[in-house]
Amino acid sequence: MRSSLAARTGFWLLILAIVVFAVFPFYYAILSSFRSGPALFSTAIWPDSLDLQNYVSVFRDQPFERNILNSVIVAVSVVGISLFLGVTAAFALGRISFRGRGLLLLTILSVSMFPQVAVLSGMFELVRALGIYNSPWALILSNLILTLPFTVWVLTTFMRALPRELEEAAYVDGATPWTVVRRIFLPLMWPAMVTTGLLAFIAAWNEFLFALTFTLSSEQRTVPVAIALLSGATQFELPWGNIMAASVIVTVPVVFLVLIFQRRIVSGLTAGAVKG
Amino acid sequence: MAKPVSSELTRARVRSAWIFLAPMLGVLALVAGWPLIRTIFFSFTDATLANLTDYRFIGFDNFLEYYEGEWYGVMADPTWWRAVYNTVWFTVVSVSIELVLGMIVALTLNTAFPGRGMLRAAILIPWAIPTIVSAKMWGWMLHDQFGVLNDILMTLGIISAPVAWTASPETALWAVVMVDVWKTTPFMALLILAALQMLPSDCYEAAKVDGIHPVKVFFKVTLPLIKPALMVAIIFRGLDALRIFDLVYVLTSSARDTMSMSVYARQQLVDFQDVGAGSAASTLLFMIIAVLVLITIMTARVRLGEDER
Amino acid sequence: MASVRLEGVRKRFGTVEVVHGVDLAIADGEFVVFVGPSGCGKSTLLRMIAGLEDISAGDLFIGDKRMNALSPKERGIAMVFQSYALYPHMTVYQNMAFGLEIAKSSKDDIDAAVRRAAGILELTPLLDRLPKQLSGGQRQRVAIGRAIVRKPKVFLFDEPLSNLDAALRVQMRVEIAKLHDDMGVTMIYVTHDQVEAMTLADKIVVLNDGRIEQVGAPLTLYHHPDNLFVAGFIGSPRMNFLETRVAEVSPEGVGVDLPGGGRVVAPVDAQAISPGAPVTLGIRPEHLTLGGGDAGLTGRIEVVEQLGEAFLLHVRLADRTLFTAKLPGDSRLSAGAEVRLGVKGAFCHVFDADGQAMSRRDGSAPPASAVTSSSH
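Chains as they are written, first to last, in our numbering: chain A, 2 to 277; chain B, 107 to 415; chain C, 174 to 549.
Since the hints were derived computationally from the structure, they do not count as laboratory data.
A hint or two may mislead.
Said to hold, decoys possible - For each label pair, taking beta carbons as the anchor points, the in silico distance ranges come out as:
hint: 1; chain 1: B; residue 1: M260; chain 2: A; residue 2: L260; range: 30 to 40 Å
hint: 2; chain 1: B; residue 1: M260; chain 2: A; residue 2: G11; range: 24 to 34 Å
hint: 3; chain 1: B; residue 1: G132; chain 2: C; residue 2: E247; range: 25 to 35 Å
hint: 4; chain 1: C; residue 1: G292; chain 2: B; residue 2: D308; range: 46 to 56 Å
hint: 5; chain 1: C; residue 1: D196; chain 2: B; residue 2: V315; range: 56 to 66 Å
hint: 6; chain 1: A; residue 1: L258; chain 2: B; residue 2: A312; range: 40 to 50 Å
It should be emphasised that the depicted structure is a prediction, and the values quoted were computed from it without experimental measurement.
Glycine is no exception: its CB is placed at the ideal position from the N, C-alpha and C atoms.
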């Protein structure tokens, strides 16, 4: 590549701009989380304080560890259920041609486009009728609407990519469809399941509307609701330091997961969308 | 001659297809189908949140009702129409900006340079951060008194006095757009990047050999080739933006200037305890999105039909 | 071990029929090769026998049992796929054991069967490897091993060698032939490579456009093709064809005048034809000579291709037909030269206006003397 100095400088400035744009808000949240008292109101963009006060008070002022536990319970259960139901359904949708398959796929895709609020009052009634209002069960149930169609869709595209002859060889070897799923496709689908599971986990971890509507007490809240409703000593002054600390606590693990699995995530995101 | 009999294998496969699908379809019917039907059902009743079992049918009154010379119902509520306007404006503006920025990021990532993997990792960070957290982080950065953004802009001399980004009517919706752009541009960029990487390299080499200017190559070769993928990305993002709730709710609470359709529906439902009106608003939003999805499917159907054997 | 019988077997995909009524009998222990151009339905036919594809109409018997509705495992078949289709997450041992494991054989039986097959195919040192750690030829052997272990009554091969390079292909071909001799089991083999068909088959089935064109032993197809399609398909380079008319009909056969002067008399049964009727004269490149012969074809050499042990002359005749001659040794001829190709009547095939061959009289092959005299 032969390019002028100006062009190269411009290119690197562009990259710098993208990086700053992407990373700065999170970086600044980390900075703020280490500032407490009057230092919080410093707008310096370099680290100038390492005060853990906010991290202490976020756990002291509300049951934040309980909120984290709730989030983990809800997200893990939802991912587990979605993957289990999704992988067999994806086998049926991805590899077997039967009457009505196209319509089913479209329905599932449509459900993943649903505005959550469209099921809110019906879901509220269901949650009340089942007696699970203000419990993680309500969130596990309602979050399935987010993760299940998505999981089925992404796993179906992955399932389609596996060679047909593999399945046929297994039939010739005497396998039943269930054996094929269990012994051949499940082991081969692990990478895809990890990817899909991770994406579903993030979706459930971030879910807000249902968690806000179907929980009442602060012990039952999940992390996003807890952060959104974090209040300080006075009603009018938001405890920004605590909020930033809480934000950092719940974001760092997710960011690490994403960075570790970035390749997988990119393939999962594009499999879910581009093939649509 | 005997009728063609499908073999045991075919029958076993079709049978197992339905067995495999049944649990998933059952759960989906329970968590999506049934609540949706109930929501639409409630939109024709006067149910309240406090008492969901005691209601009566009031027809279309939740949507529109004429009573003693006045119009009532969701469709007569200027706040609803404001929410519709806000949502559509937000969708159009944010998706457009995301498209342009996403394209720039994708084109950058599509060139080979040292540290490309790091850049890709960096742009994934906004995507990974929970929406609520991003809303709070930006809320803090946009704070009118202590916000770093005001500080930077004032230091640079771009503004002379602090701006109440999330509170003042002129900037509040822009603030929502800004945060959404920050959060979802990575998704857009990755989709576009995936499309770019599937392009055949030989037509670029041919263009290079022919000495065609890169800008012209972009508009004449790249853009037409990735157009299908762009359409998919725009549709996905557009439908997603239309149902926006959490960002608006957290960043600007339920202020009228930024209220989206979802926020309006939830406010009616939970804050005002009016299940009828809330369901009516939800149903209207559902209809809008359903129509858009149907149009999308109709136009994409041809393609989907092709790759089915 | 079992015979295989197809009666009026058809395959439709939606409204499109791709196999139009195939009747075929395969004897117990026979090695049958389905050959034809791509899209001729040969793989579909094999997959119908395997039970991987439904039979739209007609009957399939293996042994004496009608198989149409049975699943692959109930048919007593084993299949080797073009892409090998080894289970990527299982070792060689596990791949070969999988079928028996599903059939709930005892651990000892499985182990004995796998080790025996591995011994036959020289896979014993590789048993603990994963497919991705194997070369193409080794993978192919594992795929065959997996089939052997199941002790099938019928062995099915779907273009098993087409992913291998040329040298390996020859080696594997020999191994498969040996396997058939050792096991004596019925084998059905699909390929588009006529060399594989000629070398392996007891019986070749030539398919075209979903129909059987001809069934016969390799040399029968070579010397007595039933029609233009088979004549053109079997043999490489393909047979030369000359559109012409019958000049004379005699008890010796059909006489045809050649553009280069002279008349050849092909020894075919000419009862159904009379002088003046349009026919196609066919002659294989390896049966042409430089000069000599009963009659000649003159033309200009367009290209000379040296093969080492022989050379090919592509000659444009006066009537624009392109003829190919395969001649032994090295060529000192070059493009542009005029040349006369000698034709012997005994080697000629004659096809009527419908493309059907007129039956050649002399038993199976042309006289041995004629073959030797052609190679000078």
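Taking the hints in turn, this is what the structure says about them:
1. The given range of 30 to 40 Å is respected by M260 of chain B and L260 of chain A, whose C-beta atoms sit roughly 34 Å from each other.
2. Distance hint for M260 of chain B and G11 of chain A: a CB-CB separation of about 28 Å, consistent with the stated range 24 to 34 Å.
3. Separated by about 32 Å at the C-beta atoms, G132 of chain B and E247 of chain C satisfy the suggested range of 25 to 35 Å.
4. With their beta carbons about 49 Å apart, G292 of chain C and D308 of chain B fall inside the hinted range of 46 to 56 Å.
5. Roughly 57 Å separates the CB atoms of D196 of chain C and V315 of chain B, a value that falls within the hinted 56 to 66 Å.
6. With their beta carbons about 42 Å apart, L258 of chain A and A312 of chain B fall inside the hinted range of 40 to 50 Å.
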